[in-house]
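K.L.:
Sequence:
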Amino acid sequence: MSESLIIAQRGPTRFITMNRADRHNAFDDLLIAELTEAFQAAIDDADSRIIVLDATGKSFSAGADLNWMKRMAEYDHAQNLADSRALAKLMQTIDSAPKPVIGVVQGSAYGGGVGLAACCDMVVCADSASFCLSEVKLGLIPAVISPYVVRAIGGRAARRYFQTAETFSAAKAAELGLVSEVVPMDQLTEVRDRWIKALSANGPKAMEAAKELAVRAAEQELNDDLRDWTAGRIATIRASDEGREGVRAFLEKRKAGWIGG
Numbered sequence: 001m002s003e004s005l006i007i008a009q010r011g012p013t014r015f016i017t018m019n020r021a022d023r024h025n026a027f028d029d030l031l032i033a034e035l036t037e038a039f040q041a042a043i044d045d046a047d048s049r050i051i052v053l054d055a056t057g058k059s060f061s062a063g064a065d066l067n068w069m070k071r072m073a074e075y076d077h078a079q080n081l082a083d084s085r086a087l088a089k090l091m092q093t094i095d096s097a098p099k100p101v102i103g104v105v106q107g108s109a110y111g112g113g114v115g116l117a118a119c120c121d122m123v124v125c126a127d128s129a130s131f132c133l134s135e136v137k138l139g140l141i142p143a144v145i146s147p148y149v150v151r152a153i154g155g156r157a158a159r160r161y162f163q164t165a166e167t168f169s170a171a172k173a174a175e176l177g178l179v180s181e182v183v184p185m186d187q188l189t190e191v192r193d194r195w196i197k198a199l200s201a202n203g204p205k206a207m208e209a210a211k212e213l214a215v216r217a218a219e220q221e222l223n224d225d226l227r228d229w230t231a232g233r234i235a236t237i238r239a240s241d242e243g244r245e246g247v248r249a250f251l252e253k254r255k256a257g258w259i260g261g
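UniProt numbering numbers the first residue of the sequence shown as 1 and each following residue consecutively.
Mixed in with the good hints there might be a few duds.
What the hints assert, rightly or not - As a list, the in silico DSS-like pairs of lysine-lysine whose alpha-carbon atoms are at most 30 Å apart: (1) K197 <-> K58; (2) K253 <-> K197; (3) K205 <-> K172; (4) K58 <-> K89; (5) K211 <-> K89.
By construction, these hints were calculated from the structure, which means they are not laboratory data.
Let the hints inform the model, and build the full structure from the sequences given.
P.N.:
Take a look at the structure:
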């Protein structure tokens with residue numbers, strides 16, 4: 001990894017920190033590739049059970065880097081398509097990670113930065129942070145991030161903010177469902193660590209299945225297929241080694257085998 005990212009492992013948690021503060025952690029093709037690689041490495045590492053995405057500096061992410069945009073202005077359709085697919089791969093990698101992903105937003109999130117937040121499972125945000133889907137100001141659209149942002153804030157709000165490019169507050173982001181909690185800047189770490197502690201106490205495979213359950217139940221029509229699938233999922237989990245260990249530990253009033261200490 002280059003200096004664009006800081007990677008750290010503390011206990012079961014992999015910290016992935018965007019470190020382009022001088023450029024407000026704006027995206028370019030290199031940062032997109034490195035973020036994708038970093039997330040995939042965390043997913044593949046059995047010792048990493050939780051992933052935290054955060055950033056240095058005043059901004060979480062300002063979206064597209066200006067120098068990258070200048071280069072893209074000269075790209076043909078095929079080159080633009082390759083760039084867009086790389087960003088799409090990053091968003092999909094974060095969104096579909098089989099491990100809980102915590103986002104910590106300490107400052108402004110614009111464009112793709114909003115997309116990053118939308119792909120996290122839970123986001124704690126500083127009360128001074130701001131958000132903007134600013135693409136239309138440049139004659140563009142938030143195409144690649146749209147599935148994740150629309151799912152987070154809903155279609156009605158997306159119609160407004162995709163078209164107006166209004167800046168909205170942390171409180172509004174929480175109201176829309178983009179972020180989970182809004183706190184003063186000096187409490188971000190406290191909330192992050194509270195979530196890490198809670199997640200660390202849970203069965204890793206159960207959390208993976210629970211995440212899949214939440215996504216599928218939200219996206220699929222309630223019908224016999226969904227009911228059968230959910231019944232099958234709990235039956236599988238109950239019969240698994242982790243499921244059996246969790247129930248035994250509860251009944252025996254002891255810590256489950258996946259909890260250290």
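K.L.:
Could you tell me which of the numbered hints above are not met by this structure, giving the numbers in increasing order?
P.N.:
3
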